[in-house]
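As you go down the protein sequences, you meet chains A and B in turn.
Each residue of the first sequence is one higher than the one before, counting from 725 in the working numbering.
Each residue of the second sequence is one higher than the one before, counting from 4 in the working numbering.
I should point out that these hints are in silico values taken from the structure, not numbers from a laboratory.
Keep in mind that this is a model prediction, so the values were computed, not measured.
Don't be surprised by glycine CBs; every beta carbon is placed ideally from N, CA and C.
Certain hints may be false.
DEER-style ranges, computed between Cβ atoms [as the list claims (entries may be wrong)]:
(1) Lys826/A <-> Glu72/B: 32 to 40 Å
(2) Ile961/A <-> Thr318/B: 19 to 27 Å
(3) Pro931/A <-> Thr80/B: 35 to 43 Å
(4) Ile961/A <-> Thr80/B: 12 to 20 Å
(5) Glu143/B <-> Lys729/A: 49 to 57 Å
(6) Met846/A <-> Asp193/B: 46 to 54 Å
(7) Gly785/A <-> Val334/B: 47 to 55 Å
(8) Ser350/B <-> Gly785/A: 13 to 21 Å
Taking lysine-lysine pairs in the DSSO-like style, the calculated list, with each CA pair at most 30 Å apart, reads [said to hold, decoys possible]:
(9) Lys105/B <-> Lys982/A
(10) Lys825/A <-> Lys921/A
(11) Lys216/B <-> Lys982/A
From the structure, some residues in chain A lie toward chain B, with a derived Cβ separation under 10 Å [claimed, not checked]:
(12) Asn728
(13) Asp855
(14) Phe979
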Amino acid sequence: MKKNKAMIFWFSLPSLLCLLIMFVYPVCRTVLMSFFKVESVTAGLSDWGFNGIGNYTKIFGSQTFRTAMGNMLLIWLVGGVITLLLAMLMAVVITSGIRGKKFFRAAIYMPNIISAVALATMWIQYIFNYDYGLLNEMAKLFGGDKIKWLGSDMKFWSMVAAFIFGSVGYYMLIYISGIEGIPLDFFEAATLDGAGKVKQFTKITLPLLKGVIKTSITFWSINATTFFLWTKMFSPIDTEESTIVPVVYLYDTVFGGKGVVTRDAGAGAAVGVVLTLIIIIVYEITEKLFKSDDLEY
Amino acid sequence: MKKKKIFSLMMASALCLSALTGCGSAPADSASADNTQSSAQSSESQPAASSQASSEAQGGGGKQYEGVELTMWSMWTSSEPQAQVIQEAAAAFEEQTGAKIKIEWKGRDINNVLSASLEAGDKFDIFEDDYQRIANVYAEYTYDLTDMAKAVDYDSFSYPCLNNQVIAWTGNLNSIVEQPQVGGVFYDKDAFEKAGVAAEPKTWDEFLEVCQKLKDSGVGPIAQDGAYCDFAFYHQLVRHLGEDKITELALNGGWSGTEAETAAQEIIDLINAGYFVDGAPDEFPSSENKIGFGMAAMIVCANYVTAEVNGNTGTEVNWGLFNYPAVENGVENTAAYAGANSLAITSYSENAQAAFDFIMMLTTGEFDQKMADTAKQIPADTRNTAPAILTGTVETLLSAEVPMTWCGGLHANSDLKTSFKSMCVELFEGKYASGAEFCEALDALY
Chain A
725 MKKNKAMIFW
735 FSLPSLLCLL
745 IMFVYPVCRT
755 VLMSFFKVES
765 VTAGLSDWGF
775 NGIGNYTKIF
785 GSQTFRTAMG
795 NMLLIWLVGG
805 VITLLLAMLM
815 AVVITSGIRG
825 KKFFRAAIYM
835 PNIISAVALA
845 TMWIQYIFNY
855 DYGLLNEMAK
865 LFGGDKIKWL
875 GSDMKFWSMV
885 AAFIFGSVGY
895 YMLIYISGIE
905 GIPLDFFEAA
915 TLDGAGKVKQ
925 FTKITLPLLK
935 GVIKTSITFW
945 SINATTFFLW
955 TKMFSPIDTE
965 ESTIVPVVYL
975 YDTVFGGKGV
985 VTRDAGAGAA
995 VGVVLTLIII
1005 IVYEITEKLF
1015 KSDDLEY
Chain B
4 MKKKKIFSLM
14 MASALCLSAL
24 TGCGSAPADS
34 ASADNTQSSA
44 QSSESQPAAS
54 SQASSEAQGG
64 GGKQYEGVEL
74 TMWSMWTSSE
84 PQAQVIQEAA
94 AAFEEQTGAK
104 IKIEWKGRDI
114 NNVLSASLEA
124 GDKFDIFEDD
134 YQRIANVYAE
144 YTYDLTDMAK
154 AVDYDSFSYP
164 CLNNQVIAWT
174 GNLNSIVEQP
184 QVGGVFYDKD
194 AFEKAGVAAE
204 PKTWDEFLEV
214 CQKLKDSGVG
224 PIAQDGAYCD
234 FAFYHQLVRH
244 LGEDKITELA
254 LNGGWSGTEA
264 ETAAQEIIDL
274 INAGYFVDGA
284 PDEFPSSENK
294 IGFGMAAMIV
304 CANYVTAEVN
314 GNTGTEVNWG
324 LFNYPAVENG
334 VENTAAYAGA
344 NSLAITSYSE
354 NAQAAFDFIM
364 MLTTGEFDQK
374 MADTAKQIPA
384 DTRNTAPAIL
394 TGTVETLLSA
404 EVPMTWCGGL
414 HANSDLKTSF
424 KSMCVELFEG
434 KYASGAEFCE
444 ALDALY
């Protein structure tokens, strides 16, 4: 038994060390840094100046950060509702025994295997383009006026729409695997009892997918909180207010931007801590809302 | 069960925080690992007749830098034309001096890793980045090149406005210009000729006349992409207020009642007169491409717009450049945007002189000319010739006394800069009825 314990220790050590160095240390350093005035992210401790909650006061006092948080909230809430509902709908349709199930599943998932940069470029240059974009060509076809999809009023929602397009397939696959894990007997019994498809969905599928839904909400929350690349693609050259999100604010604060030479790693760390707290809160709320019933089937 | 929950919570937060803290550096590092290669692998070496580096063999028949190894971190990727020229220059330098040069292609995100690497004392001798960042962010870790530059009479073949700017920022010369940039109004000479415009406009009134003539000829006078709206409006602001005043207003507010109202009103007048091409402000690079398609004639941008448009549209626009027009009662009517990507040497480099000699080989004479021709950029050596699409840029840069920074005054307020940018886009979209309304909205940000 003693030998076994030693073996377990030595076998775990490499992973444990990796975890400590690559996960725990950065987390501790970031939390600590958020209470200090630090210019460069790699500055030595001797260059840190205690700042109390100054970094938090700074970021919450910043209009740009508040705008970024507002944008993130919209992406999480509106984008989340649309994405998860669409994903659920498609998963239910695909698992309902339609013809060409494999084709539809692959087609809907396909955006996930395309580079997000290529996907964003496609949306910006070929779908939203003012002069020859797909949407304006369709508008012209129906006698409508051209719309500035990427004008300051529409840019945010255009970006969210493109992001949703790229995300639905991933969540659909999660739901499909959840639905396929439910024994067919349940549905057969319900059918014999006279339950329709809608009733079967609300009374069998949804309750048994609680755990999967909880997981997908957590995943979506992490996706929305770490939203970065799409903003960069939709506001090239320099960050714009209409598309800014907290991680981009963090990036600009820590590294500066075009023509900006001021850097504040302490404030950036504070943004990181705030975002993590948000994820933890969302996780806790979903845990409370979707209590696991420990159903076995 | 509870323990399991706490553990999963900890894992989720650790994953998230580490993802946030680690953002930025990883891609560049991995890219560099993939792209690292010795210039010795360059297919052919070129003679370096124009180099400032001595090719004299040192005593004993050995070459000057035999046994010296230099490492360069480049802001280009290995497939870019700039990289090809750097490799050729490095191969020539190796042959001439006996030194070995290792080049790591870091790409544009080099600025995300430079700070950390310099602080950590990573082993590299030369690096490339924006000269403003080299002067203001990395100055502590850069070598003072003043004496070396004097020894080769650098001032006689470089741009005084850029050198003076670096010295003003840092107190010494800590970088050598590799890729100078100049801003202004870039235009299609053929469109001007077709519209009957004989001379480049010097004043705002002349500029408006040119716009009208272009419009009458059926061409959209001005192209404008949303990405550059702040840069374009900044020119108008600088003419009326000067950079110092813009900095003061950006930091403290108080735009209403200043000449900023006139500047904004002039942009609104341009919109109302229909002087912007259809769709402007468009999503980058849609509007600038319209010059290549013959739909627009002018754009306020930096010199790289010429290569971008030609490349994007597959055309050879007959480019011209004039300084942004002077406005009535303007306080800064001659300033032009000037910037550069420059080369610096790390303060802890053990082979600073060899590194400097290589930089000189790269930024002067034959290789600089090759860089200008291949990458379609302004030569760093003023004795060289700009490619045809950048005719006049060397002269403009040489005559510029006060270089204008990239929206420097507006960017002085790093917290509001994104708001400023979005408001500039809205200004060009015609969202404001008057300059006064625009300035009121600016003041509302404070």
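Hint-by-hint comparison with the structure:
| no. | hint | result |
| --- | --- | --- |
| 1 | Lys826/A <-> Glu72/B: 32 to 40 Å | 56 Å, violated |
| 2 | Ile961/A <-> Thr318/B: 19 to 27 Å | 23 Å, holds |
| 3 | Pro931/A <-> Thr80/B: 35 to 43 Å | 52 Å, violated |
| 4 | Ile961/A <-> Thr80/B: 12 to 20 Å | 18 Å, holds |
| 5 | Glu143/B <-> Lys729/A: 49 to 57 Å | 51 Å, holds |
| 6 | Met846/A <-> Asp193/B: 46 to 54 Å | 33 Å, violated |
| 7 | Gly785/A <-> Val334/B: 47 to 55 Å | 33 Å, violated |
| 8 | Ser350/B <-> Gly785/A: 13 to 21 Å | 37 Å, violated |
| 9 | Lys105/B <-> Lys982/A | 28 Å, holds |
| 10 | Lys825/A <-> Lys921/A | 18 Å, holds |
| 11 | Lys216/B <-> Lys982/A | 35 Å, violated |
| 12 | Asn728 | 22 Å, violated |
| 13 | Asp855 | 6 Å, holds |
| 14 | Phe979 | 5 Å, holds |
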